[in-house]
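*Asks:* Chain by chain, the residues:
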Amino acid sequence: MIRVILPAHLKNLAGITGVLELQLATAATQLSVLDAIESAYPMLRGTIRDQATGKRRPFVRFFACGQDVSHEGVDSPLPEAVSLGREPFMVIGAIAGG
Amino acid sequence: MSHVRVLVGTKKGAFILTSDGKRSQWKVEGPFFGGWEIYHLKGSPADPNRLYASQSSGWFGQVVQRSNDGGRTWEPVGNTFAYDGIAGTHQWYDGTAHPWEFKRVWHLEPSIEDPDTVYAGVEDAALFRSADGGLTWGELSGLRKHGTGPRWQPGAGGMCLHTILLDPVNKGRMFIAISAAGAFRSDDYGATWRPINRGLRSEHIPDPTAEVGHCVHRIALHPSRPEVLFMQKHWDIMRSDDGGESWREVSGNLPSDFGFPIEVHAHEPETIYVVPIKSDSEHFPPDGKLRVYRSRTGGGEWEALTKGLPQKDCYVNVLRDAMAVDSLDACGIYFGTTGGQVYASRDSGDTWEPIVRDLPAVYSVEVQTLL
Numbered sequence: 001m002i003r004v005i006l007p008a009h010l011k012n013l014a015g016i017t018g019v020l021e022l023q024l025a026t027a028a029t030q031l032s033v034l035d036a037i038e039s040a041y042p043m044l045r046g047t048i049r050d051q052a053t054g055k056r057r058p059f060v061r062f063f064a065c066g067q068d069v070s071h072e073g074v075d076s077p078l079p080e081a082v083s084l085g086r087e088p089f090m091v092i093g094a095i096a097g098g
Numbered sequence: 001m002s003h004v005r006v007l008v009g010t011k012k013g014a015f016i017l018t019s020d021g022k023r024s025q026w027k028v029e030g031p032f033f034g035g036w037e038i039y040h041l042k043g044s045p046a047d048p049n050r051l052y053a054s055q056s057s058g059w060f061g062q063v064v065q066r067s068n069d070g071g072r073t074w075e076p077v078g079n080t081f082a083y084d085g086i087a088g089t090h091q092w093y094d095g096t097a098h099p100w101e102f103k104r105v106w107h108l109e110p111s112i113e114d115p116d117t118v119y120a121g122v123e124d125a126a127l128f129r130s131a132d133g134g135l136t137w138g139e140l141s142g143l144r145k146h147g148t149g150p151r152w153q154p155g156a157g158g159m160c161l162h163t164i165l166l167d168p169v170n171k172g173r174m175f176i177a178i179s180a181a182g183a184f185r186s187d188d189y190g191a192t193w194r195p196i197n198r199g200l201r202s203e204h205i206p207d208p209t210a211e212v213g214h215c216v217h218r219i220a221l222h223p224s225r226p227e228v229l230f231m232q233k234h235w236d237i238m239r240s241d242d243g244g245e246s247w248r249e250v251s252g253n254l255p256s257d258f259g260f261p262i263e264v265h266a267h268e269p270e271t272i273y274v275v276p277i278k279s280d281s282e283h284f285p286p287d288g289k290l291r292v293y294r295s296r297t298g299g300g301e302w303e304a305l306t307k308g309l310p311q312k313d314c315y316v317n318v319l320r321d322a323m324a325v326d327s328l329d330a331c332g333i334y335f336g337t338t339g340g341q342v343y344a345s346r347d348s349g350d351t352w353e354p355i356v357r358d359l360p361a362v363y364s365v366e367v368q369t370l371l
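Protein sequence lines, in the order shown, are assigned to chains W and H.
At position 39 of the first sequence (counting the first as 1) the number is 39 in my numbering, and the numbers step up by one without a gap.
At position 232 of the second sequence (counting the first as 1) the number is 232 in my numbering, and the numbers step up by one without a gap.
Next up, chain H with everything else stripped away, as it sits in the complex:
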């Protein structure tokens, strides 16, 4: 019988939630790595028992953990993230040149085919790859050195590479996103890169349509149709139908088009989900109502999903890596909040319930559907 494993990274440790395919009773295990910030943990599509976790601390720096048994036991692996060659500089907040300095791993993306191959998106923004299960890491420096790197600058959360999408159809194609630089694509397994930001418009930067400098919060794709990309930008929901060559806005009737995560339904490539947040300085839902918005038309037309979600006095945030879907029928949608709740829907978003509600602030949510 199928079951579901939800991997939750929080400000003070990792938690693993499991349920059978009914998704009505949940077992909560953790905290793992109590006291450490877990920016992200994710399982390998090729071997679901192989998990990777990014463990960090303001005191003790970055650690990467690996599990071979679905999260029951863990072992620290390599944590040397050395920029390739001369690190160079990017723009600092005041416009001056600032040297690249490694701070932490924001996102770990295991390869689709090989459990030992995993990509790491780090701050200051760069992409690293390990082919030995995380023991050693090498930078895919074609991204940072393709030419626009000196013009990248940090967003409020730091200059982080937070999104890594591996194209399951077009071998060698990858997409990444950086705050605040934008989205980038490689067609040769990460060796060379170019910006894919045509059509983005960001009023808060000197040239609103610049090649780079956009604060992209998250991008998502459906594996059956990877040329279609969806983006939650700082402001604006965007869509590309040509692998990122061009983008158009699909914010439509949303109450706010600011937010962090964006996700695609497991079985309906045109059904997407966002969580509108009031503004870039007021990181909570409009009107104190926690609402997921669903579009069944790939953007443009949105409906509020509220059943089971707090509809008054709710002022949590939902961070960029804190939403995920399972692949059961009907599709399950999951998201975590900075208030420590993880909400789940067993019916594609029609109704919701908290599956755990008093965790530390949730940084990330990933879901494994185990058959």
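Chain W extracted, bound-state conformation:
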């Protein structure tokens, strides 16, 4: 089981409160986590990554264990503490104006 923290706007969209808890069928990577999020909450498709290209949206970042892992490979293993559920995988809306 891994834990995922979503930004408030996406929690509202998905009707979620608190921290998401997801079971992964495979090793914890950005790809497997995003697949699990979108499978459980289809309304979030396209909000974190582009539906056509699969690329992370420009103003979204991924944090894990105090590190910005946004630029790591989507298939790269996430830190063990995330995969074991001790630390959350965080989806962050970038601080930007507007």
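Hints listed in this document are in silico derivations from the structure and should not be mistaken for laboratory results.
Careful: at least some of the hints might be erroneous.
[Stated by the list, open to error] Think about it this way: if two alpha-carbon atoms lie no more than 20 angstroms apart in a straight line, the pair counts; the simulated EDC-like pairs of lysine to aspartate or glutamate are:
(1) W:Lys-55 - H:Glu-101
(2) H:Lys-171 - H:Asp-114
(3) H:Lys-103 - W:Asp-50
(4) W:Lys-11 - H:Glu-75
[To be verified] Derived, one-sided and incomplete: chain W residues facing chain H with beta-carbon distance under 10 angstroms:
(5) Leu-10
(6) Arg-45
(7) Ile-48
(8) Asp-50
(9) Arg-57
(10) Phe-59
(11) Ala-96
In this text the structure is predicted, and so the values were computed from the model without any measurement.
All residues carry an ideal CB built from backbone N, CA and C; glycine is no exception.
Given chain W, put chain H in place with the hints provided.
*Replies:* Then chain H, alone, in the frame of chain W:
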């Protein structure tokens, strides 16, 4: 007893304003989808409780919402807008070829007959259709692929398909408008399209009378007489009496013929409304006076409507989708401003009052007359 529901899309959420037929007391509900940009929301003519909303964000992209209870509750539906086949390219600002990329939905137009059928005008310009209440979307790619697409280019606001008019008399006929490509017509339910820009003249493009490339801001028609079209172009108010085959200018005595919205009175097909804006770089009313202009002659002769509108120090804009009419007697006219006011007139424009005045910047206004 009849009542009125005004659907307001803003930079930071949607609002729903309701009143009885007197239109003197208004209840304001919202924000719905707080923090998101609501480019447009509109109700189905066939089922007024079925609403669609375009919800988008620079962070989180495009979402489409649907309501089955007049906006009390909403559910996200499909947001996959995939261009048909190889997307191809259009002109970029510098004249180079640029690939088509989906950015957002500007306008949602529910079918006249079927609550589950709805059209979406998107940026980069294309027309999509859903026949399952917004769950899935397919492109009507005959528009983008009819031949002139590679010559379309974005206006300052992006290359958006912002206007969709469904002809209630001639079945299968539709009109759309794109900035900056122009107006287009289909006579076969959106399968095939052709430009309808003959008579438009745009000095800011290399060939002022080109087949495409015109920055059409908005077109409007009266449902009883859909062969007559009215257009607010970047500059110029235009009129067509032959379904867009040809256009003539009817700017007449307006103080400026730049602007964004244009609307037709619900009961008088020759009575039309515009909001003159000073210029393409000064997006505010001339002289700081917010004036709606009304023509009772289908253009040419215009009168300023000022009672109840600020007549000094007013520097708001009124965007292309931010004006609408109700169908009560007398006709109500509504418009929203980038300053967050929604003004309404209960008497066809003679007098105005704000029905809400401190919203985020208003992107769109639609009105439902509920009997």
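*Asks:* Now tell me, hint by hint, if it's right for this structure.
*Replies:* A quick look at each hint next to the structure:
Under the criterion of a C-alpha separation no larger than 20 angstroms, the hint pairing Lys-55 (chain W) with Glu-101 (chain H) is consistent with the structure, at around 13 angstroms. In summary, the hint linking Lys-171 (chain H) to Asp-114 (chain H) is supported, as the alpha carbons are separated by about 14 angstroms, within the 20 angstroms threshold. The suggested pairing of Lys-103 (chain H) with Asp-50 (chain W) holds, with an alpha-carbon distance near 10 angstroms, which does not exceed 20 angstroms. With a C-alpha separation of about 14 angstroms, the suggested pairing of Lys-11 (chain W) with Glu-75 (chain H) holds against the 20 angstroms cut-off.
Interface restraint check: Leu-10 (chain W) against chain H, minimum CB-CB distance 6 angstroms, threshold 10 angstroms, status holds. A hinted interface residue such as Arg-45 (chain W) counts as satisfied when its beta carbon comes closer than 10 angstroms to some beta carbon of chain H; here the least separation is about 7 angstroms, so the hint holds. Taken as an interface hint, Ile-48 (chain W) checks out: its beta carbon lies about 7 angstroms from the nearest beta carbon of chain H, inside 10 angstroms. For Asp-50 (chain W), the interface hint holds, since its Cβ comes within 10 angstroms of a Cβ in chain H; the closest pair sits about 7 angstroms apart.
Restraint check, Arg-57 (chain W) versus chain H: the minimum CB separation of about 6 angstroms is within 10 angstroms; hint holds. Checking Phe-59 (chain W) against chain H: minimum C-beta separation of about 4 angstroms stays under 10 angstroms; hint holds. Taken as an interface hint, Ala-96 (chain W) checks out: its beta carbon lies about 7 angstroms from the nearest beta carbon of chain H, inside 10 angstroms.
The structure shown violates none of the earlier numbered hints.
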